[in-house]
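Chains A and B supply the protein sequences, listed in that same order.
The first sequence begins at 1 in the working numbering and counts up by one.
The second sequence begins at 1 in the working numbering and counts up by one.
Straight line, CA to CA, 16 Å or less: simulated EDC-like cross-link-like pairs of lysine to aspartate or glutamate: (1) B/Lys-38 to A/Asp-193; (2) B/Lys-38 to A/Asp-194; (3) B/Lys-48 to A/Asp-242; (4) A/Lys-223 to A/Asp-27; (5) A/Lys-853 to A/Glu-890; (6) A/Lys-936 to A/Glu-885; (7) A/Lys-400 to A/Asp-648; (8) A/Lys-672 to A/Asp-649; (9) A/Lys-60 to A/Asp-569; (10) B/Lys-48 to A/Glu-514; (11) A/Lys-464 to A/Asp-242; (12) A/Lys-1052 to A/Glu-497; (13) A/Lys-974 to A/Asp-899; (14) A/Lys-1052 to A/Glu-474; (15) A/Lys-223 to B/Glu-52; (16) A/Lys-352 to A/Glu-412; (17) A/Lys-844 to A/Glu-595; (18) B/Lys-48 to A/Glu-243; (19) A/Lys-887 to A/Glu-854; (20) A/Lys-853 to A/Asp-835; (21) A/Lys-248 to B/Glu-54; (22) B/Lys-38 to A/Asp-267; (23) A/Lys-400 to A/Asp-338; (24) A/Lys-820 to A/Asp-623; (25) A/Lys-248 to B/Glu-52.
Restraint ranges, calculated between C-beta atoms of paired labels, are given here: (26) A/Asp-193 to B/Glu-15: 15 to 25 Å; (27) A/Asn-533 to B/Arg-6: 56 to 66 Å; (28) A/Ala-470 to B/Lys-10: 33 to 43 Å; (29) A/Asn-533 to B/Glu-15: 51 to 61 Å; (30) B/Arg-6 to A/Pro-1041: 54 to 64 Å.
Since the hints were derived computationally from the structure, they do not count as laboratory data.
Keep in mind that this is a model prediction, so the values were computed, not measured.
Beta carbons: idealized from backbone N, C-alpha and C, even for Gly.
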Amino acid sequence: MKAGGRYVELHCHSNFSLLDGASHPEDLVARAADLGMPALALTDHDGLYGAIRFYKACHKAGIKPVIGAEITLENGNHLTLLAKDNQGYSNLCRLITRSRLQQEHRGQCTGGLAPRPSGRSTQVGKDSPAINLKTLARHSAGLICLSGCRQGELASLFISGRREQAQEAAKRYSGIFGPANFYVELQNNLYPDDGGLCRALVELAGSLKLGYVATNNVHYARKESHKLHDVLTCIRDRTTLDECTSLKLNSEFHLKSCEEMAPLFQDYPEALSNTLAVAEQCNVDLDFSGYRFPEFPLPHNETAGGYLAQLCRQKIPERYGPDLIGASPEACHEQGRDIEGRVKQELELIEKLGLSAYFLIVWDIMDYARRNGIPAQGRGSAANSIVAYILGITGVDPIKNKLFLGRFLNEEMSSIPDIDIDVSTRHREKLIQYVYDKYGREHTAMVCTYVTFQARNAIREMGKAMGLPAYLIERMARSVSVYGAKDIEQDLAAVEEFRPYFAAQNSTLPVWQEFVALCREIYDFPRHLSIHNGGMLISACPLTDIVPLEKATMPGRIVCQWDKDSVADAGLIKVDLLGLRMLSLIHEACALVEEKKHDTSGLDLDRLPPDDEKVYDMICRGDTVGVFQVESRAQMQTLPQIKPRSIDDLTIEVALIRPGPLQGNMVHPYIKRRKGLEKVTYLHPGLKPILEDTLGVLLFQEQVIQVAVAIAGFTPGEADCLRRAMSRKRSKEAMNEMRHKFVDGARRYGLETTLAERIFAALQGFAEYGFCKSHAAGFALLCYRSAWLKKYHPAEFCCALLNNQPMGFYAPEVIVRDAKRHGVDVLPVDINRSDIRCTIEEGKVRLGLMYVKELGEKAMSQVIAERERGPYLSLADFYLRNRLERKPVENLILAGAFDSLPPGGAGPACRSRPVVGQADGCQKRQLLWQLGLLEKQGPGELPLQFSHTGVSLPAFTELEEMKADYEVQGLSTKYHPLQVLRKGISGDGLLKSSEIARSRPDTPVRVAGYVITRQRPVTAKGFAFITLEDEEGMVNVVIRPDVYRNYRQVFKLEPLIVVEGIIQRRDNILNIIARKLTPLRHEEQRQPVLSEPATACPK
Amino acid sequence: MSKLFREAIKLEVQEDIQHQPVTFLYKGRRVRIAETLKRWRVAQTWWKSPAEREYFQVRIESGTVCELYRNLLTGVWYLQRIYD
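Make a model of the complete structure from these sequences and hints.
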């Protein structure tokens, strides 16, 4: 045994003690292994969030995991609990669940997911978890209890000099857990009174014949991380390092070796050796795969497998009936055989893998959705399954689409395949409630997700805690990429403005060095919890035996303390019910179309002609704002090249054009072949049947599996492993092993080594962008449907699109302007006409009240309900009938909601003399003034007669009106920013987008526009892209890496810019290759109208 | 009551292998430490002027209690306080 093997740390917090632990569980485990500890305990505050990650890491590192938690009692004291066995583990889960779910009994709960309130103070806040002794006693079996840190009852009584009470408390705990399971906990973190405290505690243990153990109350793996812990403390307490009063006195809370601990406890060597004895007793197994499926109610004497087979037989005619009827008898017979063969094969596999109940559970959910008109469809690899198709779980026929089952199910699967369901966001809750009701609330919970520190929030929160200047921090946060914090330093140092702070030689500013180092360190730390998008955990045994549950911020919603990875690693199943706004959109648009046609029979999208020329013409032009999956800048650029003319083509388009290789203007081999610029060839004839649909190019994950099976004799399971290995972070060794296996296999099939190597390299090269075909096929269908709606019912499409924001690629303002370019009028909010959501009004779209900021659900409902009694006649009428706060009314005025009221009803007309640039809404200023007077008027006073108190106020200028529009509703139905600002820009060679479109290639141009998208995909080799919009259309701008370096601040921060560059035209796709980017506001020297602060411009 | 030196006095200290003080030189006399009463560490203000110290509250042979500390970043010893 290593020297370090004489001590085990039994009190250890990871970063899942949210904002109170400064190391990932894996880092703690790695450090413990380095120190030679044979075991390590994880004892996060009132939670087992990190338990599975910790458990896995321990097994990997070859040390024993001890699962525990530091729980908080109702009197605010802490107690360390360790699970001896699975009974103890279940009790721990129940205790934590109790403490978290019973919060409301102690006061109003603001949500169990919020970070704990300030400090680990002795006060238990209303929303903090806490346990009473009665509950503790009821669930004490199988647990070992340590008396806790300085905040434990024993220690704190000693610290306050109450020895006798300490003795009483020790007897009480020893009574609850049994003397053999209760240990007095000694900590010496080199605080001034730690030595004395340990002495007193050892005496107490001696007098009661209790055991004692040493722990170090670990909060980070290595000493250096005490800085991060200090900062986390500040973030938790919402204060700065200089102001914080709850920082730890020193940096002694790291994992210490036996050698470091021994001198601290030299008078009590037993304290160290007892830690081994405690660890020895703790044996918990966190594999819960035995409990994974809840019981599915089956007909009498029927097995899950039998019932599933019966359902399939019943439903084959429903799915394939029409196809089979139309076909010739031979074809019909052949197809029937194909279907039956595949169903039989799949059912056998499903039964063998023990997944029949799982399929029944998912089928039941989808069946409920169908019966209740809830738009839902299975997504992902499940669409490879014919059983899923027949049961109505997925919408894509795997036979027709040649989908390969092995990607979804194969004999060698080690984990449960995912069946994810996309469900209309608006209906999702109903489906979730159904699952709760069906399996019971004891067996069902939502999976949580950890909101983690990423580059931007790391900079913001770290900067605030360190007391750095707020304006600078904000600019820095906006300058870095949204995610990865690893390159923060390079990212920031690359910006001219920030360079001085990060210059290596600048030792006068050490705080900045610390700042970036800490931002890097905090990356990926859990910040707080949130509900997973749709993962529902369902289990056979009550969930509280397996995982603690807690309240989510959403009222009535319970989540478990594990995220999806932990759930999967624990061997449990979850069903993902993911909200897909496109399904809500299509559902809503269809309803609007039906309303328009007064057609109650319903618009059946399943029966749309699949090959409408006009729809494909529109798609091929890249005219796809709002169309599902093909609306991004990159998609718009490739659509005219690939020219999709069928659902199959769209499937390829969806799979191929994603943030990836294409954005760097690297033309994909598929596009070259599609355009006939390259011959379709195959590395080996055996590849032809697999790759011919994609012109010999590997595009889909299914193809990788099929190639490995056909060329190298892999089983589907092995081939799927290969696919996973390629798509994940690749380990060189694992890859080499795979290569050998592949090449050997291929040689047995008669291929030469070099050829086999080349095919393997092709598979490997593909991994970066490989996509699941079945998933793409499902999405292609939605893409076509949304395109069809956009083409034939643009107003309804636009209306539904606006009502389902946020979704897709573009902001509402872009959607509104796109609609206008397509001849759809969008009307402003109107106090007498707008509903909460946007509506269709005589073929035009009327903005809904929901677009006006700060109005709120309650106020909107009130405004509408009050209107039922009669239209609003004037501002005063509206004000007196609703009595809303000032801000929402002001916003309504600024949004033009009162513009349709007669001026007489609103007050005196504004100055009659026309003002240059004056807008129509000339009463806005007048109305604001009136609002001020109305507010001063007490209830019961006679209404003011505005006509007698008239003052003459200037009307809003166009610029003012546009700004007001953006401020209060984020868009303007009337103006494009450029349309207003252009009047202030001199001719000076600036072209409009329409003029650019007519320009010849290689012409140097200058264009001003509003930035609607800016992207710099990691895979685009340093290229950046902007879509500029002006009052007439959009222009794409490509920024080369060298140009980007010079203008990155403009690229990242400016809403309105001027681009100088050269026109490039390929395949009817026009790009400006930028040379120079300048903020439009720099034109201010020329035109005072542009000198408004940038914040007033739309962002 | 105690005398706190606003500016701690630099000390020459003889330490043992674990950096614990054994004797120190005060006003030209070597003072032997009889007993360590308390020992604690402080690591603070790392973001502006890092301070890492190990404090010892000791009783010297004459019976007087003093507080010394070692600057952990430089290894230099200081006398912080003398108790009456």
